[in-house]
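Please work from the sequences and hints to get the whole structure.
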Amino acid sequence: MFALRSVAKGRGVWSFPLRAQALSASARRALATASGADDVFHLETPRESESVFTAQDTFLRRHVGPRPEQVKHILNTLGYSSMDEFVRKTVPEEVYLPESSADERFLPALSESELARRGKELASQNKVFRSYIGMGYHNTQVPPVIMRNVLENPAWYTSYTPYQPEISQGRLESLLNYQTMVKSLTGLDISNASLLDESTAAAEAMILALNNTKDKKRKVFLVDEKVLPQTLSVLKGRALGFGIEVVQAPLHSDGKSALPADLKDRIMGVLVQYPDMDGSLVDWAPLAKEVKQEGGLVVAATDLLALTMIKPPAEWGADVAVGNAGRFGVPPGYGGPQAGFFAASDALKRRMPGRLIGVSRDVTGRPAYRLALQTREQHIRREKATSNICTAQALLANMSAMYAVYHGPRGLRRIAAKVHALTLVLKQQLQALGIKVLNHDALFFDTLTVEAPATEVHEVARAKEINLRRITEDRVGITLDETVRLEDLADVVNVFARVLSKPELSAQDLMTTASKQGLSSASLDQLNVHPNFARTSSYLTQPVFNAYHSETSLLRYIHALQNKDLSLVHAMIPLGSCTMKLNSTSSMNMLSFPEYHALHPFAPTEQAEGYQTLIKELEHDLALLTGFAAVSLQPNSGAQGEFTGLSVIRAYLAAHGQNHRHICLIPTSAHGTNPASAVMAGMKVVPVKTLPDGTIDLDDLRAKAEANKDVLAASMITEPGTTGIFFSKIKEAIDIVHEFGGQVYLDGANLQAQVGVTNPCIMGADVTHLNLHKTFSIPHGGGGPGVGPIGVKAHLAAYLPGHPVVKTGGEHAIEPVSAAPWGSASILTIAWAYIRMLGWHGIRTSTIMSLLNANYVKNRIQHKYKVKYVGKHGNVAHELLVDVAEFQKCGVQVMDVAKRLIDYGFHPPTCSWPISTGLLIEITESEPFEEIERLVEALLSIADEVQEINDGKQPKDVNLLKMAPHTIETLTTEKWDRPYSRERAAFPVRALRNNKFWPPVSRVDDAYGDRNLVCECGDVESFA
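In our numbering, the protein residues as written are 2 to 1025.
These aren't lab readings, by the way, just hints derived from the structure by calculation. In this text the structure is predicted, and so the values were computed from the model without any measurement. Worth double-checking, as some hints may not be accurate.
[What the hints assert, rightly or not] Ranges of calculated distance between the beta carbons of each label pair, as one might list FRET restraints: (1) Gln948 <-> Lys732: 41 to 47 Å; (2) Ala561 <-> Lys997: 17 to 23 Å; (3) Leu1014 <-> Thr974: 29 to 35 Å; (4) Ala561 <-> Gly244: 48 to 54 Å; (5) Ser554 <-> Val959: 28 to 34 Å; (6) Thr974 <-> Ala944: 25 to 31 Å; (7) Glu812 <-> Ser538: 47 to 53 Å; (8) Arg1012 <-> Lys976: 25 to 31 Å.
Just so it is clear, CB atoms sit at the ideal spot from N, CA and C, and this is done for glycine as well.
See below:
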């Protein structure tokens, strides 16, 4: 045994035991034999340690799809006598981890009911104070119709990124609503479909400013002194890889805003907060004019609710607006997830980061939504990409969009007016107490900064279970939101009254004050901010924001959109490299507990003891499963995890006098976001060849490592590779990189094939990111949220990311990579629950089942499809790459096969990646055997349809594949002149007659959409 040490961010160092991993092959075999490793499937039959009193609501038997007798059938089909034999022929022996290698006592499984009790126990340790801290996070009232029918609805949270628009029209329409909402409120020309959070959106704007400048010597990004501290820190961390100098300065003083004279000829962009961190409204128009004269971009970090009352950024000269949409119906969740937003002027639309929803048409001419300008995708442009963004916050963006749809422009204005009126009353009452309010006139929206004895104020507030913003010893901040009542406001006023020994007030007293000020009877038009900042332009005039204001109408709208999307509630989603497994109800339940979703991320940590325990336990579990010494949960996407891992490597090298090392070796079999992430981290990418068998060319790796030995920083390797197979010489590859002074980042995109049977540390990696939205079952949410923590070896632990507000990270922490200390903290509850319910044995079983299912599909279809790569013993890992290049002889392309699969009721596999003619198929452990057989039947049937074309029985231009998918509208037209029957088009196999998902549109014309870019609603009618 040895102690595996982990830095538990700000909480000291802890350790836990793990059995030694560096065992000889003979020792591993002996351990496996002694432990009875063949018997790994205890799905229905009790284990020896169980009794009649053992809990029967065990998660494993519900999570894994195939039943024991079906598992035996699969093994027999593959020609194996035991599971142990299969696993040993699939996972390379030198990195194989037998079941006995980690004692199950260190990660026992909880039943579903036991997990529920534990989740409630931890929740009870969180104290949900009324938080008026602000700083980018606000409480909000989530409409129950949205909570129940979007957030808690698997039809919305189990769908995938809409790369197949024909079966994604519902969420695409909703995301288009989100884009329109942001565009309309900011006044800018175009918006994307969300980013990760406000701070990373600001970082993306900084890179956009760099790429937009014509003078490449301009490398200064200027930040106003009253920008959020977490945003400033994220900017500094992101700037390092691009050689950008982030300079913070007071850009507004003495009532004027202007550029520092000594920086004018060096700036490429400016960031301001509007309203600023202290709540004040500043006229940034003169600054914007000056920046534009210098050729720079103006970025405004702003607040969507405030923009219903204050002049939008575009009207005073901003080129880009960023922020987060959390206060539109998404609670703070101890930091997230919340949808970041990014809007820009028309001139910047083709440089804009993130996903963009556009309007195109299908082959029948009907309007259809799609992802636009996909050539910007990092998978396509690789190291030339302008961003490595791979995950948005689609689920949360949809919630915010529905919030705006539900309330409409007048409803949103009414909410904003209430918040502002409360802030006016608060100011008046504090001044009556003799408190100096630093915000002048009505030059604020919802936030006040006051001079007061802060220590006493916070002490009294804490006794009343109130959190205020801590600024200095004599300054306190107060931010109000839509959940605040007059009773709450009275409690805030009385905190200061008690400190000053003044009489306390009641809610009725405040109502009297409001009446005297004319606030209680003021109309929406009468109540406003300072006239110089009052919004006069209209917003949200599109029909969708003015039609669904009753619960009945919104409910029907939500479900009308839901019915146009294929999700896991309908069928398997066999996307390679994406791991679309079951998102169990039992692991999702905690997300709805207010003790988890209502906490402010900057609340004192003693108010979040339950969260802190959960975070520590999840770090422990992930460290145990990966073998690493320490884990950071801060990165809130997989690509963010890649950037974080490389940034940690860069910091480590710099600390050891190796800052000149900048070369990153990346095999062509690595995950698609790797090259863009390396460039973001300030590294130069040198590609490494892949051999014809799909493995890394070790000779080429050695040659390039040796050629760059003095400047080699890292290598990014994906294992199993995107070729779908394990690399038997992975340790040798990693040793080569180490030999020449580099660190090894092992991409965790395919960790689904590793957990429990091997791990990155056995392979020799120094750092790995883990996609919690893949391997550990956080939902994909239609394109987000995601979480991408990193695990590191001990020598890198000191460099894990920190945070300027809450202590996290190691002794020499790098700058934060996300706005919140623990990233998207609230959805960590899902991965924690998933691991805790499976335990060590269950996780290992799940991994083996995903390997088994993939190989079963390979075995069943390989006589009609070419499986591009197989391992040493003829097996694939958790996914298989099918090459349909042969189909091109009769005119059938990979996308034709994909669209025809929609007619069979399936989401197509990953298409044209990692090879242009490929279908990357992944079958998770949670799919029932019957569904796996249904996919096999569909694939074999499609192969027969291709053969008909090849034999001349179907024409090459108009056939079942070329015309797919087939909609009800197409099939019910009076005229039918196609060379196949309507029946074959609609019901190619018998089972579809009883259960058929109908695509709402025919094949979408991507080229038309890019030529005619329309990215807002209102230009086409809603399909609902």
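To see whether the hints hold, each was checked on the structure:
no.: 1; hint: Gln948 <-> Lys732: 41 to 47 Å; verdict: 43 Å, holds
no.: 2; hint: Ala561 <-> Lys997: 17 to 23 Å; verdict: 18 Å, holds
no.: 3; hint: Leu1014 <-> Thr974: 29 to 35 Å; verdict: 30 Å, holds
no.: 4; hint: Ala561 <-> Gly244: 48 to 54 Å; verdict: 50 Å, holds
no.: 5; hint: Ser554 <-> Val959: 28 to 34 Å; verdict: 41 Å, violated
no.: 6; hint: Thr974 <-> Ala944: 25 to 31 Å; verdict: 29 Å, holds
no.: 7; hint: Glu812 <-> Ser538: 47 to 53 Å; verdict: 51 Å, holds
no.: 8; hint: Arg1012 <-> Lys976: 25 to 31 Å; verdict: 29 Å, holds
The structure fails hint 5 only (numbered hints given earlier).
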